[in-house]
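*Asks:* So the chains spell out like this:
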Amino acid sequence: MPTSYAVDGVQYVAVQSGWGVDAQLMQTMLDEILGYTTHVPQGGVLWVFGLKGAVPQ
Amino acid sequence: MSVATMKVVCVRWTMVTALIVALTPTTMTAQESPAYSPVTDDRLVSPEPENWLMYRRTYDGWGYSPLDQINTKNVAELVPVWSFSTGVTEGHQAPPIVNDGVMFITTPENQILALDARTGELLWRYRRTLPDDLMQLHPTNRGVGLFGDKVYMATVDAYVVALDAKSGEVVWEKAVEDYRNGYYMTLAPLVARGKVMVGVSGGELGIRGFIQALDAESGEVVWKTYTIPAPGEPGNDTWPGDSWQTGGAPAWITGSYDPDLGLTFWGTGNPGPWMGDARPGDNLYTNSVMALDADTGELKAYHQYHWNGSWDWDEVSAPILMDVERDGRTIKALVHAGRNGYLWLLERSEDAITFVDGEPYVRQNVFTGLDPSTGRPEYDPERKPGVGIRASFCPSTWGGKDWPPAAYSPKTGYVYIPANENLCATMEGEEVAYRPGQFFTGVDFSEDFEVFLHEGADHIGELQAWDINTGERVWTHEFEFQNWGPVLATGGDLVFLGGTNDRYFRAFDARSGKLLWQ
Chain Y
1 MPTSYAVDGV QYVAVQSGWG VDAQLMQTML DEILGYTTHV PQGGVLWVFG
51 LKGAVPQ
Chain D
1 MSVATMKVVC VRWTMVTALI VALTPTTMTA QESPAYSPVT DDRLVSPEPE
51 NWLMYRRTYD GWGYSPLDQI NTKNVAELVP VWSFSTGVTE GHQAPPIVND
101 GVMFITTPEN QILALDARTG ELLWRYRRTL PDDLMQLHPT NRGVGLFGDK
151 VYMATVDAYV VALDAKSGEV VWEKAVEDYR NGYYMTLAPL VARGKVMVGV
201 SGGELGIRGF IQALDAESGE VVWKTYTIPA PGEPGNDTWP GDSWQTGGAP
251 AWITGSYDPD LGLTFWGTGN PGPWMGDARP GDNLYTNSVM ALDADTGELK
301 AYHQYHWNGS WDWDEVSAPI LMDVERDGRT IKALVHAGRN GYLWLLERSE
351 DAITFVDGEP YVRQNVFTGL DPSTGRPEYD PERKPGVGIR ASFCPSTWGG
401 KDWPPAAYSP KTGYVYIPAN ENLCATMEGE EVAYRPGQFF TGVDFSEDFE
451 VFLHEGADHI GELQAWDINT GERVWTHEFE FQNWGPVLAT GGDLVFLGGT
501 NDRYFRAFDA RSGKLLWQ
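If you read the sequences in order, they're chains Y and D. In this text, residue positions in the first sequence follow the working numbering: the first is 1, and each later residue adds one. In this text, residue positions in the second sequence follow the working numbering: the first is 1, and each later residue adds one.
Source of the hints: derived by calculation from the structure; they are not laboratory data. Take the hints with a grain of salt, since some may be wrong.
[Claimed, not checked] Short derived list, chain Y residues pointing at chain D, Cβ under 8 Å: (1) P2; (2) Y5; (3) V45.
[Claimed, not checked] Simulated restraints on C-beta separations: (4) E121(D) <-> V40(Y): 27 to 35 Å; (5) T38(Y) <-> D149(D): 44 to 52 Å; (6) V45(D) <-> Q42(Y): 49 to 57 Å; (7) L515(D) <-> V21(Y): 25 to 33 Å; (8) V21(Y) <-> T374(D): 34 to 42 Å.
Treat the numbers as computed from the prediction; the structure is a model and nothing was measured. In this text, a Cβ means the ideal position worked out from N, Cα and C, and glycines have one as well.
Build the full structure now, drawing on both the sequences and the hints.
*Replies:* Okay, here's the thing in structure tokens:
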């Protein structure tokens, strides 16, 4: 779930990647209906985004 | 890091510290963790704009950050600043929670990671040893709750764990039920008035749902309120025989809270088993919003979105608390994008929840109409599955919207709904006997369950923006495939969304819906 926060006056947007059982089940069923196979990478990473120049020193 | 290197670093940082002390009145060495700011009731009611202290940032469930440094003019320049691999896979549904520079995330397997929110440096990690005989239906967790100097997590083996926020040491843990009886927890706790409140999962496993409040300091139980009334209590007569004992009604999403009314608002999920004709009656309080007094747990009001549930449409999403202008007056509203495919507008007060309006936000072919004063839906009997009765219905069991929360922006006045359109399901039930901790749905998923696309479908996922004052949908962004993304709205007039199967994270203009960044 994405959130946004700021530290020392700099704003960031953060979100975790990684899908679970219901998303998988839905994808599997859609693949069957539509006749192809979708490979969605698992993820498992916390991402934090900022404006250029927000990279900490 | 070798000892020699550490000594060098220590010396350098001491010099830097001396310099900082000379220049500024406050001191903080980068070598120490950020100091931890105690979380108080006042801070939870009115969090600082730069912090995200709870599941949807504020008790009203808006999922809105007032920050506007990142906005429509510069979001195209957004870049990754740091990333951190959690070490596990599966559904990472938890929001990054941030308190004055300290970030907490939870992951599948009930890890908690505390990180420096600016740099991503790991401060501490909590790992939980889960029982060998635990069957995880939903290996996920939706985040921590904060209060005082502690961090709280509800676990998949049905415990609430309290840890010291600075050190990550466990202070206490309490089981709310026995996981062997099918009870588990995935939600972020709701923390208010010195109490940690949690709801249980297990609607597929024949539980009797409840919400429990623990004292934040000691972990002692303060109150426990079942979502299904017992014999003698109002509403129990909406269940035949003993079916109330295994009736489900889980509460697996964090409730909203109105500090002025002192009421928490919880969504409840599906009844068990899945086929409504196995337990004729309205089945209170499944698929409802329940208003519980935060101090006592007393049920003050409720509204059931749809009765005798037969489609696995858990109405667990907590309602958004917002003001809505209708018919020349301001309504203290509860707004809920239902799993059942209808967008519900209810009015809240200290002892009542009343229906105002309801309209579909996706194709919905089960309800033939709503009672104009109560909002109670009438059903097309052809669309209601039962034991030995096959029926097709739209939306599918995952609904117009599943667990991913909608968001509200007070700047645009719009509610943003992550939806799935054109997905329908066919289901048929069978007889099922209850055994503790075992599947109690009464649906054979290999034989009697399938999903299909509605005729003419050209897309599935949607991000919808609604003006609740007018009841109009303002804009829709369509995705070819499904959308499992929770929505973030910001003061920079942006709406952020992930949850699509194409590895993208996106930002949209909150007013026009134009895609600005991905």
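*Asks:* Now, for every hint given, state plainly whether the structure supports it.
*Replies:* Comparing the hints with the structure gives:
| no. | hint | in the structure |
| --- | --- | --- |
| 1 | P2 | 4 Å, holds |
| 2 | Y5 | 4 Å, holds |
| 3 | V45 | 5 Å, holds |
| 4 | E121(D) <-> V40(Y): 27 to 35 Å | 30 Å, holds |
| 5 | T38(Y) <-> D149(D): 44 to 52 Å | 45 Å, holds |
| 6 | V45(D) <-> Q42(Y): 49 to 57 Å | 38 Å, violated |
| 7 | L515(D) <-> V21(Y): 25 to 33 Å | 29 Å, holds |
| 8 | V21(Y) <-> T374(D): 34 to 42 Å | 35 Å, holds |
Consistency note: the structure conflicts with earlier hint 6 alone.
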